[in-house]
Amino acid sequence: MKGYQAAMLPSKNPDLFGLYSYKKIIALIGITTVCVFGTKLIYPKLCSLTENLSNKLKLSLVSPYIAFLFIYFIVSIFIVSKGLVVGEDISAQVNSSYNYVTEKINAPNILLVPSNEDLSINMSRWHIRPPGASWLALPGLLLGLSVGQSVKISLIFTGMLGGIGWLKLASKLGIKQQGLLYISILLSFSIGISTYRFGTMNTTLAVVVPWMILTAISISERKLNNKMAYFISLILITIFYLILGCFCILKMSGMIVAITIGSIPIFLNLWKTKIPRRKHLLIIFIILSPLIFIPVKTLSSFNESNLGYNSHEVYKTSDYNKQSLLWGEHFVQSTRGKLLILSTIGSPGYALPPKVLMHNARDFFNQFESYLNWSSSYEINSHVFICGILGSIIIIPIFLIIKNNINYFTNLSITITFIFYILPFLGLATLTHLHGFNYSLYPTHTFEYSLLLLFPIIFLWETLNFKKKISRLFIMSLLALPLLNTIHSIPPIADDKYISSTESKRGLSSSRFSKSIDYIEHNSTNDLDIIYFLPEGDMGDLVLRTNMRNMATHFASDNLRKIKPLKSSKELNVYIAYDKTLDTNPIFQKEIINKFPDSKFKNKILKDSIFVQKISLLPSLKVFE
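Going by my numbering, the letters in the sequence shown line up with residues 26 to 650, in that order.
Among the clues, some could well be false.
[Said to hold, decoys possible] For lysine-lysine, the following DSS-like pairs were computed, each having C-alpha atoms within a straight-line distance of at most 25 Å:
hint : residue 1 : residue 2
1    : Lys-540   : Lys-589
2    : Lys-201   : Lys-494
3    : Lys-297   : Lys-248
4    : Lys-129   : Lys-197
5    : Lys-304   : Lys-322
6    : Lys-595   : Lys-625
7    : Lys-197   : Lys-252
None of these hints come from the bench; they were simulated from the model.
Construct the complete structure from the given sequences, taking the supplied hints into account.
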């Protein structure tokens, strides 16, 4: 994997093809030779050694559930001491949990921020994002734990439930001991390592998914022997679809997987209509399935009544081409026409572990001016084009392998496999076209599918002895990559970086803003003072990292100009904290001056890689005009 990544980076002083130096060419040839001979000579011996070791250690007697729990808690113990990192999308919601427990607001998911009309006043409003992210930290916070400890404990607990759920589902779909042990090792490390990082609500959504699939399978097998059985089935199926609809409370895109799960009982009964009363059960599922949209409609109505708009309007009216630093050029164009078709076909392959290799290939092509000029002339988004093609290439052999060995699968496992290889990606394609945002090839929107898409591969790996070496290598690569990705994501245990007193108190990790936060908090003497974070890139969880009133604008070099001039009816200080690289940007520096017209600019100081500019705002009568 490291060799492949090295091959995707051209040499600084290339000698051959404008790509590599002679030294690098020799190194790559050496790596390739080792891999080829390793596959032919070492791999069979390694398999034999592994099998003998497995027999000696009697791994076949080890419970996958006990293996998962044991490894998971060992990994979690090492990781739990690390400071928490929260993703940008949900950091404000986690902050709202803290503000709720400290009685600054009357409910979670309500934002408390300085008003853009008058910085001396705090403004509270409901957050447009689903409220689930604002609940995760509440149990720990109510017990008096820090934000970091609260989130990590919740993630450890939910991760344990999720891991057990995935193992039960794998067993239900026919995966046996060897495959279950592989899954237990993969999950214990991948979930355990991620307990210090709360990036998106996909982490909690992935916990619920296996249990709801198991429920869908169980409820599809109900027998309608009498009137009471009909009545109980009606109640259970109603509750089932309403719970699936509540996925929108965790993450709005979670409705794609909810609808996919909701279709499972329909497809499972569709093939059994000749069995007595199965047709009746199928009709009940079809009639009650629209109940899944009631929670979505309720949440949308609540958002409209509190904000005057809903999330669908926000996503649909956003121009994602203006955020090209995040998605690349011509991102909106990738949601229509041929690129939409390519995205849809390639999305199942993109959801699988080779995703990281696709990103390496994309970055390789992005280094060539000729390719960038070509893609720009045809309004092609590079990420969508490269990852769509590679995703399509990956999915073809997978479908062929499954098709050629379809007789080994049970009806249940093959039905679930094809449902999840097709339906969710059609749903993502539909959303892509509606909102002008390419969900199909966006990494965080395919997280909950990746393990499930691996299940048929794991099943065939432990069931068959592939005679063709290319098939064996392909299968082993698909199974090795997630383990390698997990190992690569292990954070350093020791963290000797500077951390501010507030970050430490809240159980957060250090950041490049840590020294500047400490400096500002010690310098400020007015409760109305504000830290205004202006990072060059995304703003991460900066709003969580200070006990002062704060504001943040991500990708500040482009977005600061969109902010109206800021004024205050009372005297206060605004501490601008921005990346060192922005100090030499004259347009950015001019925008800072324009944003604070009634102000005195005081000393500017550099703390690590962050400049801090203190600005004193004078009371302005114009605030009231």
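Right, here's what the structure says about each hint:
Pair hint Lys-540 plus Lys-589 does not hold up; C-alpha atoms about 29 Å apart against a cutoff of 25 Å. As the CA atoms of Lys-201 and Lys-494 are separated by approximately 23 Å, the hinted pair is consistent with the 25 Å bound. For the given pair, Lys-297 sits about 13 Å from Lys-248 by alpha-carbon distance, which is consistent with the 25 Å threshold. The suggested pairing of Lys-129 with Lys-197 is violated, with an alpha-carbon distance near 47 Å, which exceeds 25 Å.
In summary, the hint linking Lys-304 to Lys-322 is not supported, as the alpha carbons are separated by about 30 Å, beyond the 25 Å threshold. Only pairs whose Cα atoms come within 25 Å are accepted, and Lys-595 paired with Lys-625 is accepted, the gap being roughly 14 Å. With a C-alpha separation of about 30 Å, the suggested pairing of Lys-197 with Lys-252 is violated against the 25 Å cut-off.
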